[in-house]
Amino acid sequence: MLIFEQSKPGRKATAQAPLNRADVSAIPEQFRRKQSAALPEVSEMQAVRHYTRLSRKNFSIDTQFYPLGSCTMKYNPRACNSLASLPGLVSRHPQAPASHSQGFMACLFELQEMLREVTGMKAVSLSPAAGAQGEFAGVAMIRAYHDARGDTARCEILAPDAAHGTNPATAVMCGYKVREIPTGPDGDVDLEALKAVVGPQTAGIMLTNPSTLGVFDRKIEAIAKTVHEAGGLLYYDGANLNAILGKVRPGTMGFDVIHMNLHKTFSTPHGGGGPGAGPVGVSERLIPYLPVPMVAKDGDEYQWITENERPESIGRLTAFAGNAGVLLRAYIYARMLGREGMPRVAEYSTLNANYMLKQLQSVGFQAAYPQRRATHEFIITLKKQAKELGVNTMDFAKRLLDYGFHAPTTYFPLLVPECLLIEPTETEDKATLDDFIDAMRSILEEATVDPELVKGAPYTLPVKRLDDVKAARELDLAWMPVVE
Amino acid sequence: MLIFEQSKPGRKATAQAPLNRADVSAIPEQFRRKQSAALPEVSEMQAVRHYTRLSRKNFSIDTQFYPLGSCTMKYNPRACNSLASLPGLVSRHPQAPASHSQGFMACLFELQEMLREVTGMKAVSLSPAAGAQGEFAGVAMIRAYHDARGDTARCEILAPDAAHGTNPATAVMCGYKVREIPTGPDGDVDLEALKAVVGPQTAGIMLTNPSTLGVFDRKIEAIAKTVHEAGGLLYYDGANLNAILGKVRPGTMGFDVIHMNLHKTFSTPHGGGGPGAGPVGVSERLIPYLPVPMVAKDGDEYQWITENERPESIGRLTAFAGNAGVLLRAYIYARMLGREGMPRVAEYSTLNANYMLKQLQSVGFQAAYPQRRATHEFIITLKKQAKELGVNTMDFAKRLLDYGFHAPTTYFPLLVPECLLIEPTETEDKATLDDFIDAMRSILEEATVDPELVKGAPYTLPVKRLDDVKAARELDLAWMPVVE
Amino acid sequence: MPFIPHTEDEVQEMLAAIGAASIDELFDEIPDSLKLSQLDAIPTALSEMEITHLMAKRAQQDGEPTCFIGAGAYDHHIPAAVWQLTTRGEFYTAYTPYQAEASQGTLQLLYEFQSMMVALTGMDVSNASLYDGASALAEAVLMSVRANRKSKSKRVLMPRTVHPAYRRVVRNIVKNQQIELVELPFDPQTGVTDPACLAQYAGEDFAALVIPQPNFFGVMEDVDALTDWAHENGTLAIGVVNPIALALLKPPGLWGEAGADICCGEGQPLGAPLASGGPYFGFLCCKQAQVRQMPGRIIGRTLDLDGKVGYTLTLQAREQHIRRSKATSNICTNQGLMVTAATIHMALLGTEGLERAAAASYQNTQKLVDALTAVPGVEVLFDQPAFHERVLRLPAPAKGVLRSLAAHNVLGGFDLSGDYPELGDAILVCATEKRTDEEIETYAQKLERVIQLQGGVTCGLVPKE
Amino acid sequence: MPFIPHTEDEVQEMLAAIGAASIDELFDEIPDSLKLSQLDAIPTALSEMEITHLMAKRAQQDGEPTCFIGAGAYDHHIPAAVWQLTTRGEFYTAYTPYQAEASQGTLQLLYEFQSMMVALTGMDVSNASLYDGASALAEAVLMSVRANRKSKSKRVLMPRTVHPAYRRVVRNIVKNQQIELVELPFDPQTGVTDPACLAQYAGEDFAALVIPQPNFFGVMEDVDALTDWAHENGTLAIGVVNPIALALLKPPGLWGEAGADICCGEGQPLGAPLASGGPYFGFLCCKQAQVRQMPGRIIGRTLDLDGKVGYTLTLQAREQHIRRSKATSNICTNQGLMVTAATIHMALLGTEGLERAAAASYQNTQKLVDALTAVPGVEVLFDQPAFHERVLRLPAPAKGVLRSLAAHNVLGGFDLSGDYPELGDAILVCATEKRTDEEIETYAQKLERVIQLQGGVTCGLVPKE
Ligand SMILES: Cc1ncc(COP(=O)(O)O)c(C=O)c1O
Ligand SMILES: Cc1ncc(COP(=O)(O)O)c(C=O)c1O
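Residue numbers (our numbering), protein chains in the order written: chain A, 1 to 484; chain B, 485 to 968; chain C, 969 to 1433; chain D, 1434 to 1898.
Hints may contain errors.
[Stated by the list, open to error] Simulated pairs of lysine-lysine, DSS-like, Cα-Cα distance not exceeding 27 Å:
1) 1585/D / 661/B
2) 177/A / 1118/C
3) 1025/C / 297/A
4) 297/A / 1118/C
5) 1003/C / 195/A
6) 1335/C / 1468/D
7) 122/A / 1367/C
8) 1741/D / 954/B
9) 1800/D / 781/B
10) 464/A / 1276/C
11) 661/B / 1608/D
12) 661/B / 1490/D
13) 1294/C / 195/A
14) 1276/C / 470/A
15) 679/B / 1468/D
16) 1118/C / 455/A
17) 954/B / 1759/D
18) 679/B / 1585/D
19) 1367/C / 177/A
20) 1800/D / 606/B
21) 177/A / 1122/C
22) 225/A / 1367/C
23) 1608/D / 518/B
24) 1294/C / 470/A
If you are wondering where the hints come from, they were derived from the structure by calculation, not from laboratory data.
Let's have the full structure, built from the sequences with the hints guiding it.
Shown next as structure tokens:
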């Protein structure tokens, strides 16, 4: 039932707003609304009960294993939430003067420094609001760099075919054309194909490493050399940073600019879709173009760096300082990890992924790249099952829900047919991985014995499989009051 | 699965405690434990996931209608929780000096005053930790009063047969014998029977009004007169105060002492069993005996009243000031109700109960006292169904769970056979009451057509009906590590 | 090891299963030359207790000054239930609802959110959020360029009464696609965009006209005339609105003859704390005709195999994960949790409550203006109908006055001298329903004192008009 | 109407169904003479926003002084997850689990709690909580009188080293049943109950001997000898213990030859904030032999109709709602939510974590004592093995010193002069793992200054020994 369907006009069961209604008749009628907005009118308890019940219809990390590849669904420490929500922090107005912001700014500054160190970049700006906005900032900086040098013929951004959709979409938003680079059979970028297309029109390349195929591109130094020699810059999509945190630095690999997804690697909550934070780090030559605001330290005092201090900056991308509350959560998490904790993130997420890969292979699943090490994630392909049993990846995914597991990422990257991209993260224990492997084994058995069972899944959730086609054809995007 | 079963020795996956272990070898061995306590060793995420999942196996006000008679399961406003949990309040040590406690003490003082006003008593002490401890305080004050007058022959406490179990249990804890007074056919106390037993041995009588039968005893003034004339005092069990809040005052009815259940009438959460708070209010003559501590106001300053200021007090019943955090929640709630809100509590809880009673009668249920108004709660008896269909009250209760409603109170009061005591509270809306009535109607139909269905309920909960007999016979009260 | 559950025994078992001798061996495909040895600049780990201590100190350090700044972020009362529910693990730690059947909680909530925004704005559809108000406006501009079939232009009319930071963000985001923003001046007397000044552009080709309501100065634009002008000139009308104000003001869907085509704004006033500027969320609504040009997630109601109602992500063919370089936007992660809070916030307030919060903010700002203009030399600029912000001109340098007030723990307003030097020592002040009479009184007293002192020092520099 | 959902239309429908003309009519069985018209002394309603403002002011008013008081309530670190989970509606707003099938969450949690307390205390069974430590001791005393079949006496031996407030509470609760508490003195040199002083009672009939560990002075009693003495004399041994200390100290179940018979204590250190003294919770554990004399709820593990494991309230025949006047106690509502917090707290800390918290508290108190005794004239009384509290004697009136320290926002300790005048100007100090070196240093510096000043004023009044 929708909250609207519990509404009764005339219900005034609230202590939430001011108790009395102030007179607004001085606002001329031409500006006023004639009919009240039809928001639901429910009691506080109705709202609490409704949204409490709704929440229970979700899978989440706090309730289920959620091995969604490329998404790093690790445990979100509760302290990050409560400490970022201290009254003194949530009450700070974004325009409060620096004199009343030193505590907050200290956290941002230290986070900038920690991210700088762990990525090996020369400077960091925290302001982008999510990964995709970090990408935008990065590509915009690449553009600003070339423009500043008068190097305006560079109109192309390269990206591997395995790239996440945000990469090409971002390049286009920055006014570039996108050219896809194929992946070799071993999962690494096809270096020869790359060499064939770089040139004076190349503004840069967008890469993840480890890639979205769950392997570490061993030829990364050669790729960097190739692109750099052609005058292009290297963009690092940091969505997979969890795999190498504290082990390898994008700066060392030769990248010029990187975004991080703090909502992945630094464990800020995904919140059913966001918010995130997508700080960017850059090599020396891109420093002038970093988005603002940033925080600088002068003696004991923290100061804002804005458009005024950085005239060449690509500017600000949100009205204030980005998703400050997410940054605080990431800061708290980073301090709890500390220098000893960071490499452990990479180590144990990699251990978990390699263990799962091996065990899934041993119960009958095909790895997409069986000859490779898994990084923090890996791909299995159900091509064989789809062909022989008529049970496809989506069927496996839906059936996993019945077993109490969130499905891995399905059908991404696009180049691997019938794929599941599986990322366990370091915060899951062996027993949970074993339970998941058991479930996969058991579904494989079901698919063999009774394929219809799997194809009809899920059965135990609030709804059965939903009709997406109907959703897109007969658009129903908002509840409308029934006119009587 | 128990949390213990997820434990692995050697797991140290915590950021919770100090990171290093201090040396304690200076404590002589004779005092030290040789083997560590076998607490579970789990990661923070395992604990969070385990207890999040466990919570989802509960019915609660936030998820279900919970019409448990005598328990006043009303909405617990969320502001009461967050405001009572402000850092400045949760960090106050109970022994902090009054100089650092004026804010806290102001709340307690004002709560004392509000409770005084709404009950019509002369003074209030907030310190008892729950209803039963309030009862203890009340009866102990009655004893102290008689003792102080040298009136030591009074060895009996009277209580109606409908009384809650805590009433006789309390009287015994205070060294009294208990004598039961029968209830008349109309649900009021049998006044003649009362008159027959009061006498010089009567220390007092413990009453609820409205009683646990869901009716208001119309002869309360005569009862008071009878007991007072015999030299006894009147104790008011305030568990049902919700029914008359702001409408009638126990003080006006002639009671000498009263406890309130703030976790009922003042909407502090029940927390799966507690905590509560059971403040007591008294008439003039019992003031010297009130339990300590209390708060007094002198000019602008708040001061503690302790054993020192009140040498005749029955003393303190907990180490500090009772369940302070519960008192704060009740204070916040009382301020949000205000003087206009308090009578509405009685009015709308009574409206809801009378409506439900009428509708349940109209779908075929028998009221225990059909000639009477319901108060905030009422009783139906399933005597007929038990006899004719073999489906008893417990079966109805369990089947209600399948319909998504918590069951009303069953088999209490003991004197009404096969009874359900139903208390909707004022915070439920009509649609919910109608849904519950529908469910009852539907179960009645099921009981007629297919009694086994109802007798086998529940079917949709984490477990089916549990074997209580086995639980009591083969005691299993703690998990024990499996010795290998 | 914080957050890592492995015991030493388990690690050995797992390595044995993998057939590796050590965890290090799992990294053997990475060239040694790339491997990192130290993280010297990162401090050692803190326990939860230690970081708690540190953060408590940091939080206290910034004080909790009384806030009379608005300028895009508003200090409204947030019911306690909002965040207690929003931070339930099931909302807080879920991902984007890709597996619809396992995400009906978030999906139904988002559908309710979309419905509420439609009710509030009078538009046909709403998306499920963008990053913030400023970036939402940038997306609205990009969308208008795609959507306006009548226009071949990449030019958009942007009044100077739009929040200056929004204008910057829009420019930073759209300029790489060669979209040009043409600035519209405001009337120095009224502080609003004079529809008459549009006359010079009649007949030219613009993709869209941006219309803020209320505008950055708190003042009401003649939205009906502006919308109609746009439509008469083949231009789309993009409203930028404050959702609390919408409880009282005419919804964009009803502006002029045909209503705005797109509207967007900052969702923060609906349940997000000030929190240093984020996370907030941008909302974006449009007419049915434009829905396929919308950026961001959209949730649709549909049926399951049994014909039961359910909710799912829909129109995904607009999005980057399907459409890649042809997507309507690159946005992926949005501001879901803030929308969760906003939805619960609106449900708790209801129509009535939101109206009362808006009316009280309106009234408090009137009180504030009355109290402050009673201070000698302080005057209101743009004495027009306004919502809950006002421009005041001070008889002393705004920067200095604000700094002195801050030293007294009063954040007195937003200094306009940077963005609008032509207004002199002007500040933008705001009082939501949370500001008490006592706080307003205190501000007025402190302002009087500060001006006396500052006026003494600087007298003559800022000639009183 | 706050919290009341009824619309006027619904009220009319409902009244019509009832057949009443007005809500007032529903109260027609109440004699008019009793009806109330006004509640003048109660203020009018506040909105949530207003009460939020008020409570924020009240909370700030009391400051947040640095706390070196223990004396029964301890400032330990509570992991953030504890209360975020405990306040989930399903735990927070459920009742006592009367309908077991609909309360498996709470019931399983309570079973886990009982198991943890058994692990910690070394006893056989635990109940599911009592009000607090003091009232738990009172219940333990009542229980011992019922349970001790060998004894006909209603006399209980109570050392003066038991928390003075506990002793008062026990007396207040048990005296109405004519139970007599016989006080045992402590050795003025060591601060512990000298087992030798029990000799005079040998052969007498006592129901129980109470044994605190550590005792109120923080010092360790010779629990083995005391327990054995009790058993040799047909007396039950009741331990009163600190649950954090139990991470390091010998559990009551292993005291002496046979272990204590009952043990109880204050559960606050396991996850309850100081919060002005409550809600906390009392725990009570015993040997299997005594289980039927236990007060309070007990949860048992059993099976359902399908043979699946489940949890339920058991041994209810001890309780007031079944047994009425013959119940083991009148307790009904207990402290369930605090037990929820404690269970999660213990699960989050684990064996290791609890040991580290205990060890750090021990160490910090040593540091504190070292720092404070470096102040001239300050000395430790009872230089015995102790846990995380210590008695110090000051060279100036304790009351005045503590008052001056409080003025500097340091709560310096608990003044012992009221309860133990024979100790002179003695205070009880405590430093949990939360107190930092800096805080300890600050205390020492302030103490030195305060004593200099106070010593000057009062010199001669308190001759330094
Ligand atoms: C590989 C990759 N790149 C980029 C992104 C985009 O990041 P965000 O969702 O934070 O915008 C994602 C997120 O899903 C991703 O997995
Ligand atoms: C009528 C009645 N009296 C007394 C009590 C005891 O109150 P408490 O549970 O707060 O101890 C109750 C609670 O269930 C009750 O319903």
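Okay, the hints, checked on the actual structure:
no. : hint            : in the structure
1   : 1585/D / 661/B  : holds (21 Å)
2   : 177/A / 1118/C  : holds (26 Å)
3   : 1025/C / 297/A  : holds (19 Å)
4   : 297/A / 1118/C  : violated (51 Å)
5   : 1003/C / 195/A  : holds (26 Å)
6   : 1335/C / 1468/D : violated (43 Å)
7   : 122/A / 1367/C  : violated (34 Å)
8   : 1741/D / 954/B  : holds (13 Å)
9   : 1800/D / 781/B  : violated (40 Å)
10  : 464/A / 1276/C  : holds (8 Å)
11  : 661/B / 1608/D  : holds (16 Å)
12  : 661/B / 1490/D  : violated (49 Å)
13  : 1294/C / 195/A  : holds (26 Å)
14  : 1276/C / 470/A  : holds (13 Å)
15  : 679/B / 1468/D  : holds (26 Å)
16  : 1118/C / 455/A  : violated (47 Å)
17  : 954/B / 1759/D  : holds (23 Å)
18  : 679/B / 1585/D  : violated (38 Å)
19  : 1367/C / 177/A  : violated (46 Å)
20  : 1800/D / 606/B  : violated (50 Å)
21  : 177/A / 1122/C  : holds (18 Å)
22  : 225/A / 1367/C  : violated (51 Å)
23  : 1608/D / 518/B  : violated (39 Å)
24  : 1294/C / 470/A  : holds (23 Å)
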